[in-house]
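Q: The lines below spell out each chain.
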Amino acid sequence: MSNNNASSSLASAKRAVRQLRLEASVRRIKVSQAAADLRQYCLQNASKDPLLMGVPSSDNPFRPPKSCSLF
Amino acid sequence: MRSPLSPEMATQEVPLNETLAHLKTESETLKLKLEEERAKLHDVELHQVAEKVEGLGQFVMKTRRTLKGHGNKVLCMDWCKDKRRIVSSSQDGKVIVWDAFTTNKEHAVTMPCTWVMACAYAPSGCAVACGGLDNKCSVYPLSLDKNENLAAKKKSVAMHTNYLSACSFTNSDMQILTSSGDGTCALWDVESGQLLQSFHGHAADVLCLDLAPSETGNTFVSGGCDKKANVWDMRSGQCIQSFETHESDINSVRYYPSGDAFASGSDDATCRLYDLRADREVAIYSKESIIFGVSSVDFSLSGRLLFGGYNDYTINVWDVLKGTRVSILFGHENRVSTLRVSPDGTAFCTGSWDHTLRIWA
Numbered sequence: 001m002s003n004n005n006a007s008s009s010l011a012s013a014k015r016a017v018r019q020l021r022l023e024a025s026v027r028r029i030k031v032s033q034a035a036a037d038l039r040q041y042c043l044q045n046a047s048k049d050p051l052l053m054g055v056p057s058s059d060n061p062f063r064p065p066k067s068c069s070l071f
Numbered sequence: 001m002r003s004p005l006s007p008e009m010a011t012q013e014v015p016l017n018e019t020l021a022h023l024k025t026e027s028e029t030l031k032l033k034l035e036e037e038r039a040k041l042h043d044v045e046l047h048q049v050a051e052k053v054e055g056l057g058q059f060v061m062k063t064r065r066t067l068k069g070h071g072n073k074v075l076c077m078d079w080c081k082d083k084r085r086i087v088s089s090s091q092d093g094k095v096i097v098w099d100a101f102t103t104n105k106e107h108a109v110t111m112p113c114t115w116v117m118a119c120a121y122a123p124s125g126c127a128v129a130c131g132g133l134d135n136k137c138s139v140y141p142l143s144l145d146k147n148e149n150l151a152a153k154k155k156s157v158a159m160h161t162n163y164l165s166a167c168s169f170t171n172s173d174m175q176i177l178t179s180s181g182d183g184t185c186a187l188w189d190v191e192s193g194q195l196l197q198s199f200h201g202h203a204a205d206v207l208c209l210d211l212a213p214s215e216t217g218n219t220f221v222s223g224g225c226d227k228k229a230n231v232w233d234m235r236s237g238q239c240i241q242s243f244e245t246h247e248s249d250i251n252s253v254r255y256y257p258s259g260d261a262f263a264s265g266s267d268d269a270t271c272r273l274y275d276l277r278a279d280r281e282v283a284i285y286s287k288e289s290i291i292f293g294v295s296s297v298d299f300s301l302s303g304r305l306l307f308g309g310y311n312d313y314t315i316n317v318w319d320v321l322k323g324t325r326v327s328i329l330f331g332h333e334n335r336v337s338t339l340r341v342s343p344d345g346t347a348f349c350t351g352s353w354d355h356t357l358r359i360w361a
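Quick mapping for you: the protein sequence lines, in order, are chains A and B. For what it's worth, full-length UniProt numbering labels the leading residue of the first sequence as 1, then goes sequentially. For what it's worth, full-length UniProt numbering labels the leading residue of the second sequence as 1, then goes sequentially.
Hints in this document: simulated from the structure, not taken from any laboratory. For clarity, every value in this text was computed on a predicted model and none was experimentally measured. Incorrect hints may appear among the rest.
As the list claims (entries may be wrong) - Lysine-lysine pairs mimicking PhoX-like chemistry, simulated, CA-CA at most 20 Å apart:
#: 1; chain 1: A; residue 1: Lys48; chain 2: B; residue 2: Lys81
#: 2; chain 1: B; residue 1: Lys33; chain 2: A; residue 2: Lys14
#: 3; chain 1: A; residue 1: Lys30; chain 2: B; residue 2: Lys24
#: 4; chain 1: B; residue 1: Lys24; chain 2: A; residue 2: Lys14
#: 5; chain 1: B; residue 1: Lys83; chain 2: A; residue 2: Lys48
#: 6; chain 1: B; residue 1: Lys227; chain 2: A; residue 2: Lys30
#: 7; chain 1: B; residue 1: Lys31; chain 2: B; residue 2: Lys322
To be verified - FRET-style restraints, in silico, Cβ to Cβ:
#: 8; chain 1: B; residue 1: Asp145; chain 2: A; residue 2: Ser9; range: 20 to 30 Å
#: 9; chain 1: B; residue 1: Asp99; chain 2: A; residue 2: Ser7; range: 52 to 62 Å
#: 10; chain 1: B; residue 1: Glu247; chain 2: A; residue 2: Ser47; range: 46 to 56 Å
#: 11; chain 1: A; residue 1: Gln33; chain 2: B; residue 2: Asp233; range: 21 to 31 Å
Claimed, not checked - Now the stretches of chain A that chain B is said to cover, found in silico as 3 or more residues with beta-carbon under 8 Å:
#: 12; region: 8 to 17
#: 13; region: 20 to 27
#: 14; region: 30 to 43
#: 15; region: 46 to 55
Where is the CB? At the ideal position from N, CA and C, for every residue including glycine.
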């Protein structure tokens, strides 16, 4: 193994360790709290979600057949 | 016990090997620690938290428009902020801008390469970006004059050393984020073509990216052939979080509307949801009967529905909270390669290897 190979493996090993240290230090919250927030967001915004609620044809530009232009 | 080495070799080789071994051990220890820390907070499943939430009824979603005009596989599409225009790109090198309401083609450009795998609409609606096997991302200002040759005003912005897999304007027409088969992502200044930041960390081709909703700050997520989804800080170039639970290439990543989570779609036939604050996967959307890869995913406006375009020509619609499939949509006659919900959430568009795009609502 040449010195070049050894030093580039060393460099990438150092990078990997630095990266893992960074990721390990991330502050985390419990899944129960994260999940509750996701649920709340969905429920709070549900009424404004056209694909979820279905929107009357008159309000959805894509639902009626191609609109006629009036000249 | 050290072997008899010359003094010179002793100082160079022995410390190097010891440090390498030490680093590898630390690496393994850190990986285990990461898993442990994540597991400690895994106190419940998302679908359990959603048990009391009302189930979703039957969905009636149909093809409302079919956009025909591409001569080969549609590979990518993007909506304009005006909620009616769409840009799409194809294997035959053509990039087309459509009015989705009327299905009229407004502009068409022929790229100098085939397999235009990426295209994006500028926030202003005045330009589109695209690229693919040419390893570049080019910006075309859209002219009001339909007769003007768009190719004449083309601006080459990004240069990678392998194919361009995805591109996206940031919150202005001035910067573009790209991902490439060369394993990197990059941020570019459109006007000067200058590289502003590069993002290294994927071990293989990067296939997709998505920018965090503007309120959440300067981050984006990328997915690649190394089965990893990485979250990046755009200013520092640092990878701040990494997730590796998929069993194959990640073809698509999309932020949840609140910015606190993102979904991914993979060749392993599953879609997954990762919560950024819990720093872990919180849901898997899969069924034994679904064995073909997911090419693209997107959320409905409230984040309750996740749409997935699959290689078996279908679209599966998932209840994000409960983890169940609520609908399966048929229509395309070949793989669904791209899928985006419109900016106001009234419809979603799919592009397919069957040469067409469809608008569903």
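Q: Run every hint past the structure and note whether it holds.
A: Hint check:
1. For the suggested pair A/Lys48 and B/Lys81, the alpha carbons sit about 18 Å apart, so the restraint of at most 20 Å is met.
2. The straight-line distance between the Cα atoms of B/Lys33 and A/Lys14 is roughly 17 Å, inside the 20 Å bound, and the hint therefore holds.
3. With a C-alpha separation of about 30 Å, the suggested pairing of A/Lys30 with B/Lys24 is violated against the 20 Å cut-off.
4. Restraint check: the Cα-Cα separation between B/Lys24 and A/Lys14 comes to about 9 Å, which is no more than 20 Å; the hinted pair holds.
5. Taken as a hint, the B/Lys83 and A/Lys48 pair is honoured in the structure, with Cα atoms around 16 Å apart against an allowance of 20 Å.
6. Restraint check for B/Lys227 and A/Lys30: not satisfied, since their Cα atoms lie roughly 25 Å apart, outside the 20 Å limit.
7. The straight-line distance between the Cα atoms of B/Lys31 and B/Lys322 is roughly 30 Å, outside the 20 Å bound, and the hint therefore fails.
8. Distance hint check: the CB atoms of B/Asp145 and A/Ser9 are about 58 Å apart, inconsistent with the given range 20 to 30 Å.
9. Our hint of 52 to 62 Å for B/Asp99 and A/Ser7 holds, since their Cβ atoms are close to 58 Å apart.
10. Distance hint check: the CB atoms of B/Glu247 and A/Ser47 are about 37 Å apart, inconsistent with the given range 46 to 56 Å.
11. The beta-carbon spacing between A/Gln33 and B/Asp233, approximately 24 Å, falls within the hinted interval of 21 to 31 Å.
12. Under a criterion of three residues with beta carbons nearer than 8 Å to beta carbons of chain B, the stated coverage of the region 8 to 17 of chain A is upheld, 6 such residues being counted.
13. Check on the region 20 to 27 of chain A: 6 of its residues sit with their Cβ under 8 Å from a Cβ of chain B, so the three-residue criterion for coverage holds.
14. Coverage of the region 30 to 43 of chain A by chain B holds. Counting CB-CB distances below 8 Å, 13 residues qualify, and the rule asks for three or more.
15. Interface restraint, the region 46 to 55 of chain A with chain B: holds (8 residues with C-beta to C-beta distance below 8 Å; minimum three).
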